[in-house]
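Construct the entire structure; sequences and hints are all you get.
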Amino acid sequence: MEPLTPDVSDFRPRIGGAKSDTPSGPPPIRRIPLEDPEPATEALPPVQNGNGNGPAPHSSGFTAAKRSIKAPQFSIRRMEIDDVSVHYGAKEAVKRVSLPVRQGEVLSLIGPSGCGKTTLLRSLNRLTELTSSATLSGRILLDDVDITEIEPTLLRRRVTMVFQQPNPFPMSVFDNIAYVLREQGSRRARKKTLEPAVHSALDRAGLFEEVKDNLDHPALKLSGGQQQRLCIARALAAEPEVLLLDEPCSALDPKSTQVIEDLIVRLRDQVAVVIVTHNLQQAYRIADHVAFMYLGDLVEYNSATALFGSPREQRTREYVSGAFG
Amino acid sequence: MQETPLTVPPIPPPLQADPPGAHQRKGAVEGSATWSLTDRIGLAICWTLGLFFCAIAIAIVLYLMIQGIKFLRPEMLWTPAAAGFSESETGGFSDALFGTMIVATLGIALALPTGIAIAVWLVEYGRPAALARITESTIEAIAGIPSIVLALFGTVIFSSSALGFLSRSTEGIVFGRSFFAAGAMLSLVALPLIVASVREGLNSIPRHVREASYAVGKTKAATTRRILLPTCRPQVATGAMLGLGRIIGDTAIIVVLLGATQNFAPVEGAGFPFNYLRGAGTTLTNFVYEASPTGNLNQPQKAYAAAFVLLLMVLALNAAVDVVHRRARKAGTWSH
Amino acid sequence: MEEQFQDEYGPKWSDQRVERMLGALVCGVVALLLALIVTVFVRAWPSFSHNGLAWFSSSGSVEDQLNAISLSAQTSGEYVYTFHAWPLIWSTLLITGAAVLIALVSALFIAVFIVEFAPEWMSNILQPVIRFLASVPSVIYGLLGVLVLVPFIGNHLVTEQQKASVAGVISLTGYSLMAAVLVLTVMIAPLMVSIFSDGLRAVKPGWLEGSLALGVNRWRTTWKIGVRSARPAIVAGTILAVARAIGEAVMLAMVSGSVAFAPNPADGLIFVYEPSRPLAPTIVKNIDQLSSPPFNATLFSIAAFLLFSAALFSLAGWTARRAMRKYLMP
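Chains as they are written, first to last, in my numbering: chain A, 1 to 325; chain B, 1 to 336; chain C, 1 to 330.
Simulated DEER-style distance windows between Cβ atoms:
{"hint": "1", "chain 1": "C", "residue 1": "Leu32", "chain 2": "B", "residue 2": "Ala319", "range": "30 to 38 Å"}
{"hint": "2", "chain 1": "B", "residue 1": "Ile58", "chain 2": "C", "residue 2": "Trp45", "range": "46 to 54 Å"}
{"hint": "3", "chain 1": "A", "residue 1": "Ser310", "chain 2": "C", "residue 2": "Ser123", "range": "50 to 58 Å"}
{"hint": "4", "chain 1": "C", "residue 1": "His156", "chain 2": "A", "residue 2": "Gln165", "range": "55 to 63 Å"}
{"hint": "5", "chain 1": "C", "residue 1": "Gly168", "chain 2": "B", "residue 2": "Ile41", "range": "43 to 51 Å"}
{"hint": "6", "chain 1": "C", "residue 1": "Phe308", "chain 2": "B", "residue 2": "Ala130", "range": "23 to 31 Å"}
{"hint": "7", "chain 1": "C", "residue 1": "Asp198", "chain 2": "A", "residue 2": "Ser250", "range": "29 to 37 Å"}
{"hint": "8", "chain 1": "B", "residue 1": "Ile56", "chain 2": "C", "residue 2": "Leu71", "range": "38 to 46 Å"}
{"hint": "9", "chain 1": "A", "residue 1": "His278", "chain 2": "B", "residue 2": "Thr231", "range": "39 to 47 Å"}
{"hint": "10", "chain 1": "B", "residue 1": "Arg207", "chain 2": "C", "residue 2": "Phe41", "range": "39 to 47 Å"}
{"hint": "11", "chain 1": "B", "residue 1": "Pro128", "chain 2": "A", "residue 2": "Gln165", "range": "34 to 42 Å"}
Please keep in mind that the hints were generated in silico from the structure rather than gathered at the bench.
Positions of the beta carbon are idealized from the N, C-alpha and C atoms, including for glycine.
Okay, structure coming up:
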């Protein structure tokens with residue numbers, strides 16, 4: 001297949017420079033050109049990983065085992081982050097970031113602690129509004145609709161989130177998933193009607209085999225990895241269009257981490273996945289596109305192989321080679 | 001969460017045409033507009049009940065204050081009650097006021113050392129473990145016993161001839177009602193509050209403080225007395241004030257164990273102050289009870305006045321607890 | 001020479017000695033409680049043994065029975081112990097049950113309001129208000145009840161017609177079930193509100209945030225997750241309130257009426273205006289008879305019943321909380 005260049009040209013990194021050359025007047029809002037209303041499918045280049053020859057040589061100094069995931073088959077643009085800034089009071093946590101979020105691929109936000117990755121993630125489903133001092137400027141579009149015009153609860157059903165600490169509710173496994181389904185309907189559904197949906201959500205999260213014998217088991221008694229997969233199942237039960245993951249594996253052991261990473265890659269065809277991680281190896285393993293953020297700025301956005309292999313920016317090079325973090 | 005980067009140069013501030021936040025929009029903040037009908041009714045009930053509750057509380061306080069100020073005359077505070085035809089001739093309730101103070105002092109004097117001792121034993125020693133569990137349950141049980149039952153028990157104890165020296169006894173019949181008796185039983189009412197508060201204080205002291213003291217050879221007793229308890233002064237004070245609040249508010253024990261008089265009835269033949277403490281008397285709560293239509297006196301005006309004084313005392317105690325809490329919070333904890 | 005290196009307290013206050021002294025004190029307190037329980041039941045025994053299970057039944061007027069008991073002590077004949085306490089028990093059940101029910105529902109909504117939905121200035125006002133209300137002595141509530149609520153009910157709520165309809169049996173003066181329940185509710189609600197709000201605040205914020213992030217609105221999140229997790233606190237608060245309500249003697253003595261009458265719901269709505277006398281006020285009202293032996297036994301039998309009920313409720317609450325721990329603890 002003829003490799004096409006990834007569609008990154010619209011997203012030049014912003015490092016403290018004005019977007020426009022006009023010194024006066026507000027900068028124009030960057031519009032992402034969507035010529036046809038049909039979602040565009042773009043084939044991304046296959047991953048270069050020198051099969052069987054050991055790890056590919058990287059000019060960035062980044063070393064990792066070889067990537068084993070397949071190239072994504074398609075990508076549909078679901079969300080646009082357009083010139084977004086988030087302020088907590090006077091402090092600017094996210095500085096004018098623009099990114100696309102596509103279904104069919106995994107977008108990973110990397111960067112050292114405290115540089116705005118989590119804030120940006122939380123602004124995607126308007127969780128930043130829970131903090132009274134937070135203000136957001138710029139636009140975020142979900143399927144071309146500004147998310148501030150969607151009712152927050154409706155938005156959060158379409159864009160669901162999995163947190164760093166697994167937080168299953170203090171109920172049984174079944175009730176955890178059924179909770180999401182029950183609270184979305186106006187009438188209280190019977191257990192029998194909910195069973196297929198619950199089973200399917202658990203199945204999609206890869207947890208069904210382990211808990212199917214006793215769905216009334218208290219959720220808090222599951223192991224850490226199982227709890228996190230339950231949280232992912234819960235998020236999937238809402239039938240979201242975008243799945244946000246905030247460092248989901250940082251509290252888990254390596255075995256559970258691997259299980260969840262495989263799960264995330266499997267899910268990318270069904271939902272658009274955005275994952276925040278400070279583990280560079282993890283980002284390399286599972287991400288298709290990577291955005292490196294530093295102190296609130298989007299420093300570089302590129303495909304995973306490109307960013308880890310030959311990063312454009314000096315700071316990216318320093319970060320992936322471990323000079324700071 | 002500012003990070004000092006090791007090698008990266010500082011980023012120049014962006015050239016922005018608008019001040020930050022200029023484009024902010026509130027957007028569709030989650031109001032209750034999209035909630036289902038039952039949810040919205042629930043929220044309306046919440047608001048109604050909350051406001052109603054506030055209104056009741058304010059009404060109670062205001063009404064009592066108004067009536068109290070209307071009827072309280074300063075001489076009531078130092079004039080003892082006397083017989084009279086109309087209410088304005090019956091004097092004041094100074095005996096009741098002093099009675100409250102006496103009974104409060106007795107109660108706290110008994111409850112505070114006992115409560116601290118029990119709390120110290122529970123936290124610092126606590127062996128055997130079964131005894132510790134039993135003790136915890138006992139303290140909880142005492143907290144749950146109605147004060148009328150405590151009062152009845154008190155009559156049994158203090159009517160025994162062995163304790164005849166604590167109350168009036170004539171020709172071998174021990175009366176069993178006195179300030180001592182009431183104070184002793186009231187200390188049981190305050191005990192659980194003191195134990196709970198001091199326990200909380202002691203538990204909040206991290207282990208390394210104790211270990212540091214043991215490491216220089218101090219005994220547990222010395223450590224507790226010199227280091228731990230002084231640190232817990234706020235909690236001890238809080239417990240004492242909460243206990244005090246309950247003591248001065250209790251009526252059942254007073255009615256049963258203090259005798260139904262309006263004035264002090266000291267015991268003849270004993271020296272001061274024991275003649276008063278062994279005798280009968282009254283407190284503000286008992287006075288309010290008697291002065292109300294249910295009691296013997298039916299003097300509603302003086303009842304309001306006495307109730308107002310009682311309320312002020314309770315308010316003062318509450319405010320003191322608040323002040324202690326605030327100062328303790330400002331003083332900080334061990335964690336830094 | 002060794003003296004200078006001795007601990008300032010020396011061997012006189014060694015740890016062992018202090019521990020033994022404190023242990024003795026603790027044992028003393030436990031022994032005191034046991035003595036209390038034993039004493040109450042021993043003193044109550046004559047009344048129970050003479051009445052048997054009929055103690056709990058209802059037959060005849062409690063007033064007459066009490067009069068007979070006190071009379072029998074004055075004459076030199078045999079003591080009379082006949083006492084059927086059901087009207088008192090029924091009054092206690094009615095008043096406590098109604099008050100706890102109303103207070104539970106109200107306190108739950110108010111606690112949710114304070115913790116989640118009230119604006120901050122309102123929460124800051126409500127907290128000290130609740131603490132204050134919880135510490136007001138019960139006799140003051142009784143005073144307000146008897147001087148404000150009772151006349152209001154007697155003069156404005158009860159119609160002449162209603163008074164006439166029961167004139168043969170009872171007089172509706174405003175000392176009533178309604179007054180008792182209302183004042184008792186206001187007395188126990190603040191306690192419940194503060195315990196419930198503590199319980200709600202202790203819910204792990206991760207659960208609440210997780211629920212909001214799944215698209216569930218704030219109301220449902222608060223109730224389905226917050227209140228559900230706070231259930232042990234709710235049970236604890238209710239048990240505490242029930243214990244307080246059962247043992248409340250003085251306030252109810254002032255407000256509920258001087259007649260040991262058992263309000264009958266079958267009378268229709270009028271029954272809320274009927275006077276009653278629960279168990280604890282009966283002791284207070286008859287305390288001057290404490291010295292006569294049969295009356296003494298009767299009063300102690302009532303106290304024994306109160307003690308037993310309080311213990312039963314505490315046990316029930318403890319069991320309930322243990323059952324709830326299954327889902328809440330990891």
